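Colleague: So the chains spell out like this:
2 protein chains.
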Amino acid sequence: MNQDYIVPNSWSIIEEGFDAERVRSSESLFSIGNGAMGQRANFEEFYSGHTFQGSYIAGVYYPDKTKVGWWKNGYPEYFAKVLNAPNWIGINVLINGEALDLAKCEVRNFKRELNMQEGWYNRSFEATLQNGAEVKVNVTRFLSLVQDELGVIKYEVTPLNRSAQITFEPYVDSGVKNMDANWEETFWEALGAEYGSNEGFVTARTFKTHFTATTFMHNSILLNGTDVQVLPGDAEKTDKKVSLSYTIEANINDTAAIVKFGGYTVSTNHAEAELINAAKANIASAKAKGYDALLEEQKQAWAGIWEMADITIEGDVKAQQGIRFNIFQLNQTYLGKDPRLNIGPKGFTGEKYGGSTYWDTEAYCIPFYMATKDQQVARNLLTYRHNQLGRAIENAGKLGFTNGAALYPMVTMNGEECHNEWEITFEEIHRNGAIAFAIYNYYRFTGDYSYIPEKGLEVLIGIARFWHQRATFSSHKNKYMILGVTGPNEYENNINNNFYTNYIAKWCIDYAVAQIARVKDEFTADHERIMGITSLDAAEVRQWQKVADNMYLPYSDEFGVYLQQDGFLDKELIPVSQLDRANRPINQKWSWDRILRSPYIKQADVLQGFYFFEDHFSKAQLEKHFDFYEPLTVHESSLSPCVHSIQAATLGRMEQAYTFYLRTSRLDLDDYNKEVEEGLHITSMAGTWMSIVEGFGGMRVKNDTLHFEPRIPEQWQGYSFKINFRNQVLKVSVHPGETRFSLEGGRQLKVVVNGKEVTVQPNELVTV
Amino acid sequence: MNQDYIVPNSWSIIEEGFDAERVRSSESLFSIGNGAMGQRANFEEFYSGHTFQGSYIAGVYYPDKTKVGWWKNGYPEYFAKVLNAPNWIGINVLINGEALDLAKCEVRNFKRELNMQEGWYNRSFEATLQNGAEVKVNVTRFLSLVQDELGVIKYEVTPLNRSAQITFEPYVDSGVKNMDANWEETFWEALGAEYGSNEGFVTARTFKTHFTATTFMHNSILLNGTDVQVLPGDAEKTDKKVSLSYTIEANINDTAAIVKFGGYTVSTNHAEAELINAAKANIASAKAKGYDALLEEQKQAWAGIWEMADITIEGDVKAQQGIRFNIFQLNQTYLGKDPRLNIGPKGFTGEKYGGSTYWDTEAYCIPFYMATKDQQVARNLLTYRHNQLGRAIENAGKLGFTNGAALYPMVTMNGEECHNEWEITFEEIHRNGAIAFAIYNYYRFTGDYSYIPEKGLEVLIGIARFWHQRATFSSHKNKYMILGVTGPNEYENNINNNFYTNYIAKWCIDYAVAQIARVKDEFTADHERIMGITSLDAAEVRQWQKVADNMYLPYSDEFGVYLQQDGFLDKELIPVSQLDRANRPINQKWSWDRILRSPYIKQADVLQGFYFFEDHFSKAQLEKHFDFYEPLTVHESSLSPCVHSIQAATLGRMEQAYTFYLRTSRLDLDDYNKEVEEGLHITSMAGTWMSIVEGFGGMRVKNDTLHFEPRIPEQWQGYSFKINFRNQVLKVSVHPGETRFSLEGGRQLKVVVNGKEVTVQPNELVTV
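Listed in order, the protein sequences are those of chains W and Z. Letter 557 of the first sequence, counting from 1, is numbered 557 in the UniProt record's numbering, and no numbers are missing. Letter 507 of the second sequence, counting from 1, is numbered 507 in the UniProt record's numbering, and no numbers are missing.
Note that identical chains are pooled: a pair holds if it fits in a single copy or bridges any two copies.
Quick list of in silico lysine-lysine cross-link-like pairs, BS3-like style, CA-CA up to 27 Å:
1. LYS65 to LYS352
2. LYS65 to LYS177
3. LYS589 to LYS398
4. LYS67 to LYS398
5. LYS352 to LYS67
6. LYS674 to LYS72
7. LYS674 to LYS398
8. LYS373 to LYS702
9. LYS289 to LYS154
10. LYS136 to LYS111
11. LYS241 to LYS104
12. LYS208 to LYS67
13. LYS352 to LYS72
Since the hints were derived computationally from the structure, they do not count as laboratory data. All figures in this text were calculated on a predicted structure; none of them were measured in a lab.
Can you build the whole structure from these sequences, using the hints too?
Modeller: Set out below in structure tokens:
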């Protein structure tokens, strides 16, 4: 953890001072993205120090050959890697012939700013090169939200102590590698390059998956803000790379600049033969608008996002910065426009984990997107899983399941499993539960039942079939059990009767059975269609129901709590608070067996179940379980603090709720887990949003009605958020002692605040 | 399984007919070794078909960089690979300029014979080449037991249809690779080559471990049995390889032959500067003796081994062939001469598993070597672990244990752990128990207590400390437990309270405490020395004792059996007999999670405990446990059938005992597990020996006395074996209704047969 890293600021992420040790971490924190592409905040110019280069294109991945120590049956042959894409941001810079390289200069007044309000990233510094030249550099970069194949860079150099010859060498390069390639192979095959006077194009295709991308650039040169015609010299052109070279003389305090337009056109969106034309169209459009108009357009587009998604916090700038950083990154990663895409755990900020889709999407991200975007976005995320149902059935088949049972992959790009650790891939099957829960949650929030007869019911049936087959009957206990699983708490492997898993499995069956009945009553044609596709009959459903009705749930009479799993009480239940700090984080200090036999919990597990099914339990039960499990929880998953923050708030433990809130919202900014250099924790950022809206705001949807129980941490003077509830936008503003509601929309809205019904009329402020 | 593979023969392993599909399997089955080196039965001449090339030098290994999918703290950085050594057996052959290549000839009368009585391997065939030449080939190869750096090949070619020009191209080559290299690296660095007229030497050093080996050859050419002087032409010489070329004209029915002496001199046994001289000394000695005398010497040496180790079976040639194959392979692998060596699971027959030392040595091999060799051999095997105690303490330290607790590695070459699968490396800790048990077993059998005060006690203390620290106290059950282990049954991972593990842990502490007391009484100086080294005091021992006295052992009152682990009864206990054959072997047909939640047992687990601690339980208890567990056992470990054979025999179930005996003794010959091409199952071969001696013979040692309960399968007319018991050799010969004993030694020996004491006088036959 490093609380002095980022300068507190309500709208910007700011780093001051150059520290080579922090370059990789800052490359993560200052990443930019526009939903279609993104990059780490790598320097445009060459840097000989430690750096982790990364540019990414949404939906473009590579199935790297699996690397395991010991092969197990059922492992996938490939692991879908987040693919480092060709580089279009590169601009090497020479001052009087010497390469500008921050590892070899004296650097002063180095500053990075990621302006979240307006969606741009700036870097500025002064440097003295080894040849004695002093220059000031100012670079602004953004990825257009409006024209999402386009990125823009303005790179300005000002000589400070003598006139200088400044050379800009912008390039596009497909000769890139993945840092995490299993076998040190390259993943891109160069198909060729072309260039015109100020343009360059390299086209490359991924091996195996055959995604083709043209990486393009267009450059213009300015002196003191005015276009100057400089003919490029020394062009380097190979199949992989086009580099142009522009040299310009600048006097002291003159500013020489290059404006580079760049980006990708990709075969997922264009015919392969049209890629270069599409790239040229992007360039033409960008040239027509010009840099200033593009930047203005960007600010407007981000203003539109913030208008709906912003959360304000008064009196606590770090908390404010934290929540905006989370909301900003989620929107950089996924905008919900393309149902083929999903929300990668590192977004466009790193390679780690591979794949783009985890249960995080359903468990954490969908509530955020449901409430801050059009409901079509959440529906797209659900549809993504429906589109992959066939692959989930295949995947279950590889593990011996039959008859249309579906097991969604732990990690995927295209529906195929691409993870290979038996205790996760084969056993962390609770993921299936979250996928069913999201269908319920979508309907609960949006009131749009149509998704279920159209698509959702098939998914629910595949999942119910899986749970039915996966349960085994213990004649010893006369109950159905689920043996050999890993629950949400991944610090236990291959355990029997994980409460969370058993509970959600039972719920999945009950819910599927209820929806079959409802669809039969209300959507007869869909019911017939689906029964036809799935060959489901009443006898099979009765078999499922037997499993759900007789599901074993481990419980301790002594403690009055559900047990995380069989045998949990046999552990030495020493609370985390009594553990020597030197042991933490245990995942870096202890061997795996020691973690497994310890009682320590990585992230909410039983409590995750209480979060999903809060209304199945009393507040007293929640309190008892919170008090039993939280003290054993080390929160070494980014997904843990948010659930605990919500539950602490629900229990009125505001100090604890606030601590968890800070931990979730500033996880990356303060680098709690000392790993931000690998990339950001994108999906858990949605949990931060939930901490405020569901935790402090106490928002729930019950019986088609929004409920609130607003609470405010004593560190704050106030906070506000907006909710898109059934196509009207409710703004909620909470201050000590009062909560204000206002509504953008055409119909009055009844909400329940602390148990009392309140009617909010459109465009009228209600104070409670 | 393939029962028609090997021709039944009481002293030889014979294959008839050439089948390209069987080449790799036969390369395993016809492997030869002499304890110091060995190879797979690769063809001397070039073969373009599928082959698995392997030559191995005892104790020469390579620490290959670990390959895992997901790193866990505590994993070793390296995996010690069995190293494919330079090739000295190669002799390419050309007939009239065309390479002899069995993949490209018409082959007739192909036969392999591995003569176990005399210790040589022969291959003969007739071939018609594409150029029309017909030749007869006869090749004999052996690795000298007497001069164990030397191997000998006589390769004879006889033209059958026309005179022919025959070219022999013998070579030595260090440019070899490991089939299982994790990163496709080469492991040998060539240091240079030299050659004389009929000699060649290549010297190479392993990377990292820096073992240096000179691989040498000397060739002589014969025509119809008479030396002829042929000057080598076309010598190829690189740093890695020396190849010589001899051409000779042969008429129809003339036999042209090359006799090649070859082998290795290694820096483990010679100064590095002396390797070539040592190789020359080997050649000189071989030349002085000549081929015939070397072969005769070989026969004599093997006769000496068989004199002590042979087991005869009358009336069942397949059973006879099986047991001799097992005894032969064990002696090819390990002769007990060098305490730095141990017994690799594949011996000199393959690369699989890596490492040379598993708990197999203590659990299975030591009884065989104790009874068929001088007791120093078993003592060397114990000493090997004592020498590695420091490393075992380091290894435990990596997993968080302190104060001299020792955890012996799962797999090792030099004492360091070199395995990397968390559920095995970190959790299959029962291995520590077998290492302590072997100390007890050695004393029980040999009566030599001196090992314990000298060396064994330190090992026992390290192991007791480990168990004490590894146990956790369940306040819930008021017992000590061992959580998160993998037992001998590796089809369960990360289970709690594996009966076998808990039982042997308790026993290890009890036994260590008793030996501390005895050494204190009887070997005061050793006691003081050891207490000094280990800083052990009485208070610590009392803490251990608390754990042992309160160890939890899972037990079912309902079934009256100890449970393999907590929760075992929750499984669906469907016996293997009701499992569709298509599901087996489950380790090839099922995904890992399915195996884990099934009740199926890979190898004896609770029953392994009953095997070690037979006298702690009644025969009725054994029967109840056997009847409970055996029906759930799939015996997919090579170590399983032998224990079950012994216990079935003990229970008088002779048909079952016989079936298990055949399975253990002919596991490789009949390729039960369809994997013999990867190499032989060496360590389980000692279990075959136990099946006869302890199973059918009913041999036990109780109170310094040999006990027997001889039984005979109805398929046999008789069987006999010899036991070196305390430096006298007792021969036991069993026939229906009578058992004969005879003794080579100077003192009378009391034995107990079926509960009755019998006195055997030296050199006098006793019939019971």
